[in-house]
Amino acid sequence: MTAVASSTPSPVSRRPRKNLVLSVVAILLSVVVFLVPFAFILLTAVKSRQQASRLDFSWPTQFQFVQNFLDVVQARDYMLIIAFINSTILTVASVSILVVLSAMVAFVLQRRRTRWTGLINFLVLSGLIIPPAVVPTIWVLEKFGLFRTMPGLILVEVAFGLSFCVLLFRAFIATIPRELDEAAVIDGAGPLRLFFRVILPLLRSVIITVVVVQSVTIFNDFVNPLYFLPGDQNATVQLTLYNFSSAYSTQYNLLFMDILLITIPPLIMFLFFNKRIVAGMTAGAVKG
Amino acid sequence: MTTLIEKSSARSRSRAAGPAGKRAKSPYPHWFYLPAAVVYAVLFIVPTVTSFYFSMTRWTLFDSKFIGFDNYVTFFQEPALVSGLTHTIVYAVVTSGLKVVLGLLLAILLTSQIIGRGYLRSVVFFPVLVSTIGVGLTFTILMDPEQGLINESLALIGIDGPGWLTDPSYALLSVALVDVWKGVGLATLIYIAGIVSIPQEYFEAARVDGASSWQNFWRIILPLARPATFTVILLSLIGGLRSFDLIWAMTRGGPGFTSDVIASVIYKQYQAGFYGLSTAGNVVLFLLVTAIIFPLSRYLNKKEVDL
Amino acid sequence: MKRRTIAISVLAATAMALGACSAGSLGSSDDEGGGKVTLSFLTDNQPETVKIAEGLAKDFTAKNPDITIKVETRPQGTEGDNIVKTRLSTGDMTDVFQYNTGSLFQALAPAKNLTAVDGFTDRLDENFAKTVTADSKVYGAPFGNFMAGAILYNKDVYAKLGLQVPKTWDDFMANNAKIKASGVDPVIQTYGETWTSQLFILGDYHNVEAAEPGWADKYTKNQAKYATSPAALAGFQHLQQVHDEGYINKDFASAKLTDGLNKLAKGEGAQYPILSAMLSQLIADNPGTENKIGLFAIPGSDAAKNGLTVWSPSAVYMPSSTTGDKAEAAKKFLDFVASADGCASQAAASQPTGPFAVKGCKVPDTVPQAVKDMQAYIDQQGGSSLALEFLSPVKGPALEQICVEVGSGIRKADAGAKLYDEDVKKQAQQLGLEGW
Numbered sequence: 001m002t003a004v005a006s007s008t009p010s011p012v013s014r015r016p017r018k019n020l021v022l023s024v025v026a027i028l029l030s031v032v033v034f035l036v037p038f039a040f041i042l043l044t045a046v047k048s049r050q051q052a053s054r055l056d057f058s059w060p061t062q063f064q065f066v067q068n069f070l071d072v073v074q075a076r077d078y079m080l081i082i083a084f085i086n087s088t089i090l091t092v093a094s095v096s097i098l099v100v101l102s103a104m105v106a107f108v109l110q111r112r113r114t115r116w117t118g119l120i121n122f123l124v125l126s127g128l129i130i131p132p133a134v135v136p137t138i139w140v141l142e143k144f145g146l147f148r149t150m151p152g153l154i155l156v157e158v159a160f161g162l163s164f165c166v167l168l169f170r171a172f173i174a175t176i177p178r179e180l181d182e183a184a185v186i187d188g189a190g191p192l193r194l195f196f197r198v199i200l201p202l203l204r205s206v207i208i209t210v211v212v213v214q215s216v217t218i219f220n221d222f223v224n225p226l227y228f229l230p231g232d233q234n235a236t237v238q239l240t241l242y243n244f245s246s247a248y249s250t251q252y253n254l255l256f257m258d259i260l261l262i263t264i265p266p267l268i269m270f271l272f273f274n275k276r277i278v279a280g281m282t283a284g285a286v287k288g
Numbered sequence: 001m002t003t004l005i006e007k008s009s010a011r012s013r014s015r016a017a018g019p020a021g022k023r024a025k026s027p028y029p030h031w032f033y034l035p036a037a038v039v040y041a042v043l044f045i046v047p048t049v050t051s052f053y054f055s056m057t058r059w060t061l062f063d064s065k066f067i068g069f070d071n072y073v074t075f076f077q078e079p080a081l082v083s084g085l086t087h088t089i090v091y092a093v094v095t096s097g098l099k100v101v102l103g104l105l106l107a108i109l110l111t112s113q114i115i116g117r118g119y120l121r122s123v124v125f126f127p128v129l130v131s132t133i134g135v136g137l138t139f140t141i142l143m144d145p146e147q148g149l150i151n152e153s154l155a156l157i158g159i160d161g162p163g164w165l166t167d168p169s170y171a172l173l174s175v176a177l178v179d180v181w182k183g184v185g186l187a188t189l190i191y192i193a194g195i196v197s198i199p200q201e202y203f204e205a206a207r208v209d210g211a212s213s214w215q216n217f218w219r220i221i222l223p224l225a226r227p228a229t230f231t232v233i234l235l236s237l238i239g240g241l242r243s244f245d246l247i248w249a250m251t252r253g254g255p256g257f258t259s260d261v262i263a264s265v266i267y268k269q270y271q272a273g274f275y276g277l278s279t280a281g282n283v284v285l286f287l288l289v290t291a292i293i294f295p296l297s298r299y300l301n302k303k304e305v306d307l
Numbered sequence: 001m002k003r004r005t006i007a008i009s010v011l012a013a014t015a016m017a018l019g020a021c022s023a024g025s026l027g028s029s030d031d032e033g034g035g036k037v038t039l040s041f042l043t044d045n046q047p048e049t050v051k052i053a054e055g056l057a058k059d060f061t062a063k064n065p066d067i068t069i070k071v072e073t074r075p076q077g078t079e080g081d082n083i084v085k086t087r088l089s090t091g092d093m094t095d096v097f098q099y100n101t102g103s104l105f106q107a108l109a110p111a112k113n114l115t116a117v118d119g120f121t122d123r124l125d126e127n128f129a130k131t132v133t134a135d136s137k138v139y140g141a142p143f144g145n146f147m148a149g150a151i152l153y154n155k156d157v158y159a160k161l162g163l164q165v166p167k168t169w170d171d172f173m174a175n176n177a178k179i180k181a182s183g184v185d186p187v188i189q190t191y192g193e194t195w196t197s198q199l200f201i202l203g204d205y206h207n208v209e210a211a212e213p214g215w216a217d218k219y220t221k222n223q224a225k226y227a228t229s230p231a232a233l234a235g236f237q238h239l240q241q242v243h244d245e246g247y248i249n250k251d252f253a254s255a256k257l258t259d260g261l262n263k264l265a266k267g268e269g270a271q272y273p274i275l276s277a278m279l280s281q282l283i284a285d286n287p288g289t290e291n292k293i294g295l296f297a298i299p300g301s302d303a304a305k306n307g308l309t310v311w312s313p314s315a316v317y318m319p320s321s322t323t324g325d326k327a328e329a330a331k332k333f334l335d336f337v338a339s340a341d342g343c344a345s346q347a348a349a350s351q352p353t354g355p356f357a358v359k360g361c362k363v364p365d366t367v368p369q370a371v372k373d374m375q376a377y378i379d380q381q382g383g384s385s386l387a388l389e390f391l392s393p394v395k396g397p398a399l400e401q402i403c404v405e406v407g408s409g410i411r412k413a414d415a416g417a418k419l420y421d422e423d424v425k426k427q428a429q430q431l432g433l434e435g436w
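Chains as they are written, first to last, in the UniProt record's numbering: chain A, 1 to 288; chain B, 1 to 307; chain C, 1 to 436.
By construction, these hints were calculated from the structure, which means they are not laboratory data. The model shown is predicted, which means the values in this text are computed figures rather than measured ones. Ideal placement from N, C-alpha and C gives every residue a C-beta, glycine not left out. Some clues are possibly wrong.
Dumping the calculated DSS-like pairs for lysine-lysine here, alpha-carbon to alpha-carbon at most 25 angstroms [as the list claims (entries may be wrong)]:
id, chain 1, residue 1, chain 2, residue 2
1, C, 137, C, 332
2, C, 155, B, 65
3, C, 70, C, 178
4, C, 331, C, 63
5, C, 63, C, 362
6, C, 137, C, 155
7, C, 359, B, 65
8, C, 331, C, 130
9, C, 112, A, 143
10, C, 180, C, 359
11, B, 302, A, 143
12, C, 395, B, 65
13, C, 359, C, 137
14, C, 326, C, 63
15, C, 425, C, 412
16, C, 418, C, 218
17, B, 65, C, 112
18, C, 155, C, 372
Covered stretches of chain C (in silico footprint by chain B; criterion: 3 or more residues with CB under 8 angstroms from a CB of chain B, positions within the stretch not fixed) [stated by the list, open to error]:
id, segment
19, 36-43
20, 82-93
21, 248-260
22, 404-418
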């Protein structure tokens, strides 16, 4: 790697031209490592049941896209559509709450060192480390009348996701200079204005990270909905996988079609936010 | 319990009304902890403390009988435990090590001038979006020793591929590699967010001084992306130590017990209906992870302050 | 700007969470009123189970227009066990549910969580009735068919090589040698799905009981062990032998149940120790094989005492949380399930793969050959016994992993049996059984 002076805004490479060799190698590798498995999912999803059960990497002898698609969507009384609605509500609500609550915690935790700091750090890490206790959590939810309700499940996802988000936010709040806070305070900003007007906008890139990661986690979560919101009417998308896969028999073509369909919403979300990350780059995440 | 939600909406209302009239002593008030703390305490801490009690009982979900530390004794006698412990540490170190190294390299690559950057970013991150079940299923099929695509491709260039998931000496590492495949996108994203937040002035100054790319990497990116590195290490190490969903989806700890990690040993107790015993296992796992993570976290935090 | 968007999204999310709750039903309505009752019915998600459950629901409603039944599903296996237990212990079970019989049924603490049903007890097969009885009260109506843990074999391969159905392990091994010489895999094993590895041990129980009568009782009382009882140890040794002799298919470590069934149907493998209920999938995936596949009991040491190990069907239960009108409706439904009409409904929904557990219900003449073979063992006096899990609450959770190890040559048979005894000890202690 040689250094060539340039005026591109890119932080790392300062080449005037794009690096052709590196690009080709990277793209070729990405095809082998990332696209082939994806192609396998795609191909299996459009095969017939017989051919899919052979599980080989081959071109489909007959394309059953529409047939398989309809089978998956219609299975068990349009369960997939109900599941999509449920999962979307769950994901949007819990991620919104998570971002605000955990950023607030991370902000104070990173900025203010008191005798509480140690305890809170401990609790945050504990949340990552301790596996949640299912049955006692159900008891608590029942006490509040929240068991088997969407708000209950949303709060559970929030409680289980807090630690991860706090940790991420804290790491990045550390990179925001304290001088900014001081300037805002001198300007007469209270804590709320300081946080929501000054700090939160600066956290854009990490907020996007948190939103993307937590959305995917919660959207793809299947253990918590299984226990805290049971019942077919309350199904979330991951539970629909069970419609086509079981210990005794598996309809691989439908299973992979289902995997494909339930991966689309996170994919759209990522493509949407991916642009924002790129935008954030040129804007410069931290402006003094 | 709706009060919780009302609280959060009330908060946002008062925020909308503006902070006028509030005179805080510190710009970092403690009540910022409150909404999160309430949710966390009620739905996480209370159940966890309750479950610690149940770790000392024989618990069928329908009734429980206090038996003191018997469950801990039983758990430590579990034949798969010792090998599970080794596997856990190998798995955690391999996955988090690879995620740090590959994540950083990919992040640098993906923030540099390169053709197809948008495509590459999407494709690296794509596996994060697919559910663990989907990834596990796909790779179990691709890694099939006889008809799997991987070994068929290797056969074309004359290599006799091993039974990735069926050979006791490869199973754990194969799953670890798939874990990296699935998780490296997240590490890369965290690194990209870290690299992007490095002020441009540093690179400009370096350019004026005529620094090489290597010096840029070593002197600017690596030290300034340190918070990102710590986050990736911490998250992937904890993830690795606790991980079992992918292992469960791919090998169920097998063949035999050769890819069992502590978390999967615990999960098996839970599945068998030994609820007290599995809770005791959770306490043990918690202590183990704490013993590794807390000193590390303290060390990393100290570094962060020095920065 | 930023601030407002966040505030709005939080408010919107909160409103959605409070208001919409969940999407609810799209495909059908569940209006109740005018004396109509809707029962929820939880079953496992095996396609055949769902078909049978929905068939029963439909036929029952046709007879009782005021009662509708909505089928919900749950995962199978241990994950399903945990869901059933969790929902029962939190009083959140559906109005009726389908679940295993035998030791798994006993683990539900029936006296506490279930409502006993009478009225159809005298219609039940005695063997089945035993598996749903706790404290001399009957709790369940039979769902599905008896099945056997036996060896399915390809009759074409047998005919071509002129082989006889073996009654002893030595005959079986002699057959294997001939089959191998002809280029066909003698025994199919599919450790890609670990549960399939246990048949040589679990399906051998009739032979154990024949050699040492009352073994299950002694086993429950911690007086008999797999490692020290020659008849019980034989199962582990058999598993090791087929591997050591090279009689199993090359891809045994990764093959799945589906692969095994297809191999058998195509004649690439000759014999597959498996549960007979898997026949329905074999036939669905390989049309035209109904009469090409036969069944024989796992061979033991004594030809005269060889017989079939049988699994009891699952059952439909009514939790004690079902009360009032729903309880009345639920009782009617259970009575229907355990009647001749119930059998007919089940047979119409899915090809029966074994005898029914209701007296007087006959399987149709069109059943596959293997089911007829199975029926022959059951009709014969002393030709079959229930599997160990219906006779004793003791069953170690790690048996499948241990079987995979023994069957793959990772662990020797006697070491495997010893390890399993340890596993069993832990389970018995967790159950709080006497004498452990």
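Query raised in the report: Against which earlier hints does the structure fall short, listed by number upward?
Result: Hints 2, 3, 6, 7, 10, 11 and 19 contradicted; others consistent.
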